[in-house]
Amino acid sequence: MAEGLQKEMHQVLVERQKRLLQTLDIELSGQHGAETEPKQEPERTSAMAEGEEDPLQLSAAGVSRKDNPSTLSTASEVSWQGSSGDESESEDLSHLTTEESQQHRKKKKLFYIAREIATSEKVFVDALHLLNVDLRNAIHKASCRKGYPIIPEEVLEQVLKHLPQLQALNERLLTDLCDRVENWENNPRIADILVRIGPFLKLYSSYIVDFEPMTVALEEARRKYPDFALVSREFERSPRCKQLTIEQYMLKPIQRIPQYRLLLQDYVDHLATDAEDYQDACQALRIVSQVANHANESMKLGDNFSKLISLQNRIQGNYEVIKPGRIIIREGELMKASRKIMQPRWFVLFSDSLLYLTPVQQGYYRVNYELPLSGMKVMVPQQPDYQNEFSIITTKRSFILSASSSEEREMWIAALNEAIEDTINRKCSFLLLQKEGGEKGSSSELGKEAPVWIPDRRVTMCQLCTSEFTFTHRRHHCRACGKVICSACSCNRMALHYVGTKPVRVCDECYYSLRLSVSRSHVQTGFGLENQSSKQLQEHANMKRRNTRGILQEVAANDQGSLLSGYLHQWWKGAWKRRWFVVKDHVLYVYRASEDVCASRTVPLLGYQVRPIHKGFDDIPREHLFELAHSGINSLVFYADSASLAEQWRKAMEQATTLS
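Per the numbering used here, residue 1 is the first one in the sequence shown, and the count goes up by one each step.
Hints in this document: simulated from the structure, not taken from any laboratory. Accuracy of the hints is not assured; some may be wrong.
As a list, the in silico BS3-like pairs of lysine-lysine whose alpha-carbon atoms are at most 30 Å apart [what the hints assert, rightly or not]: (1) LYS396 <-> LYS502; (2) LYS307 <-> LYS396; (3) LYS242 <-> LYS252; (4) LYS396 <-> LYS377; (5) LYS106 <-> LYS161; (6) LYS573 <-> LYS448; (7) LYS336 <-> LYS323; (8) LYS202 <-> LYS323; (9) LYS448 <-> LYS502; (10) LYS242 <-> LYS161; (11) LYS448 <-> LYS340; (12) LYS242 <-> LYS146; (13) LYS448 <-> LYS323; (14) LYS336 <-> LYS448.
Can you build the whole structure from these sequences, using the hints too?
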């Protein structure tokens with residue numbers, strides 16, 4: 001809301017100042033000659049033609065302090081209509097030098113800007129008078145006619161909170177501004193007035209913070225008290241309101257601070273640096289800017305509090321959403337990878353934690369985990385097939401998430417990384433940064449943070465011994481590294497730091513690696529004990545692997561040094577088979593799943609030609625199809641899920657089929 005209002009007011013005031021300066025240029029440019037023709041006064045608006053007071057005719061005569069605010073103009077916007085009568089008279093400036101003429105023009109502009117500040121203040125005070133006096137009078141008269149209060153006094157005070165103080169403050173400011181405009185020739189300065197009342201402008205921040213509760217109280221009062229609703233609607237239809245609602249007038253104080261800043265900035269821009277009012281003007285601009293920034297932050301905090309309240313009402317259970325200093329940064333639905341499928345989950349990123357929720361019914365959620373940002377890592381997969389995915393790694397819980405698009409993923413990653421960095425900066429955790437800079441997956445980190453579990457569907461074999469999983473040969477997850485292993489390779493149990501004292505299933509590699517790290521802390525190295533333990537660990541791992549051709553184990557499906565990897569569909573034995581392919585070192589490796597550690601077969605690519613397919617496979621778009629052809633060998637036919645992906649694969653395979 002703050003940003004929208006500020007943009008709107010900025011546009012209105014900028015256009016207003018442009019019209020002002022254009023008018024001044026036309027007026028002053030005609031004063032350099034010996035003009036004898038008086039200037040024609042600009043036309044008034046239709047409202048002025050009907051006899052209403054021109055809100056801009058604050059001439060040198062000034063504004064009487066005895067003016068009743070109810071007689072002031074209620075125009076919602078102020079635009080320059082030209083100079084007053086005696087100002088529109090011609091001035092002979094021919095006796096002035098060019099520099100003196102420019103100085104005269106600047107002084108004129110400064111006066112017009114000062115008059116604009118006073119004139120707009122007059123309009124603003126009138127709006128405050130309308131709310132704080134005229135509306136109260138209308139309610140009082142209606143209550144007298146009815147014989148009872150149409151709205152309780154305490155409820156009305158909630159609706160019009162801070163307005164009496166604002167009216168008193170700005171009436172005093174208006175009086176001082178009008179005095180200065182009236183005596184401008186003797187004392188051409190106004191900034192000291194704003195400096196003097198600067199500390200009291202913080203009252204606007206209180207008004208802005210309470211603005212939403214005030215408007216809510218107004219709507220509730222209209223629903224609860226029908227007589228008040230009728231009177232308030234009749235008041236809005238009266239000529240006094242100029243077809244504006246009470247809510248629109250209540251917005252005026254929020255709009256006023258940005259007006260002060262823009263008008264003062266224009267005033268400072270036209271002041272000479274050695275002018276008497278320059279230092280005060282700069283100080284006044286700083287004060288008003290600070291109030292405006294504080295008001296904007298207050299509005300943001302108010303919006304944030306409303307979001308926290310709304311979220312609290314949508315969460316089942318006793319979880320406390322509202323905490324001191326907590327801010328909602330981002331929230332939305334992401335798909336979480338479970339062992340079998342991707343499941344929709346709701347995530348809320350706070351300034352101190354990430355909340356992981358499960359939808360239970362329409363619009364309501366149950367808290368699964370609250371993950372602190374301290375120590376959290378965000379990992380991004382390198383494979384293009386997983387371009388919408390990213391991983392969250394914490395000491396409490398780790399998992400894979402998928403966004404609806406790569407753009408949404410990048411926004412989540414950016415928000416998470418920024419929030420994590422802010423958390424680290426707040427805690428000054430430089431040691432934590434150094435720890436987190438280490439290599440992931442090293443034995444020194446095993447068991448200290450929850451690993452990301454590899455989904456079942458991305459593995460068809462044990463990631464240690466490569467034995468294929470079946471209905472009876474089941475999958476298990478290592479609680480230390482997250483790999484998918486068989487029961488024979490995970491028969492050991494061990495207590496891990498992030499779990500606690502309870503022993504949990506770990507794979508053989510992690511078991512011996514953790515045992516080795518424990519022995520390092522208790523046994524002095526220097527007699528070859530560490531190297532001996534490492535050799536025993538390697539021998540044990542080799543014994544676990546089944547007898548598989550070495551070339552099939554050289555490259556894993558998730559190899560990071562490959563030319564290209566991802567899913568393709570291959571025509572194999574009379575049907576399309578979806579497989580994971582890796583191109584590396586002029587060899588095409590074929591896997592059943594993206595996390596398999598052993599290829600099912602390999603194809604040396606040297607000597608093959610990559611060609612498009614023009615016939616057959618009519619159900620597949622031509623731009624998705626291509627083949628690898630070799631003399632004397634059946635062609636290998638592929639298709640990708642998109643034309644752009646097919647083009648990437650064609651280029652990669654063309655590069656791999658030739659020696660560079």
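Evaluation of the provided hints:
1. Between LYS396 and LYS502 the CA atoms are separated by roughly 15 Å; this keeps the pair inside 30 Å, and the hint holds.
2. Taking the CA atoms of LYS307 and LYS396, the gap is about 26 Å. The hint holds against a cut of 30 Å.
3. For the suggested pair LYS242 and LYS252, the alpha carbons sit about 14 Å apart, so the restraint of at most 30 Å is met.
4. The hinted pair formed by LYS396 and LYS377 meets the criterion: a straight-line CA distance of about 12 Å does not exceed 30 Å.
5. Between LYS106 and LYS161 the alpha-carbon distance is near 41 Å, which puts this suggested pair outside the 30 Å criterion.
6. With a C-alpha separation of about 47 Å, the suggested pairing of LYS573 with LYS448 is violated against the 30 Å cut-off.
7. Distance restraint check for LYS336 and LYS323: the Cα-Cα separation of roughly 27 Å lies within the 30 Å cut-off, and the hinted pair is therefore satisfied.
8. Between LYS202 and LYS323 the CA atoms are separated by roughly 25 Å; this keeps the pair inside 30 Å, and the hint holds.
9. The suggested pairing of LYS448 with LYS502 holds, with an alpha-carbon distance near 14 Å, which does not exceed 30 Å.
10. Pair hint LYS242 plus LYS161 holds up; C-alpha atoms about 23 Å apart against a cutoff of 30 Å.
11. Simply put, LYS448 and LYS340 have alpha-carbon atoms about 26 Å apart, close enough for the 30 Å limit, and the pair holds.
12. For the suggested pair LYS242 and LYS146, the alpha carbons sit about 27 Å apart, so the restraint of at most 30 Å is met.
13. Between the alpha carbons of LYS448 and LYS323 the distance comes to roughly 28 Å, so the proposed pair stays at or under 30 Å and holds.
14. Under the criterion of a C-alpha separation no larger than 30 Å, the hint pairing LYS336 with LYS448 is consistent with the structure, at around 23 Å.
The structure fails hints 5 and 6 (numbered hints given earlier, in ascending order).
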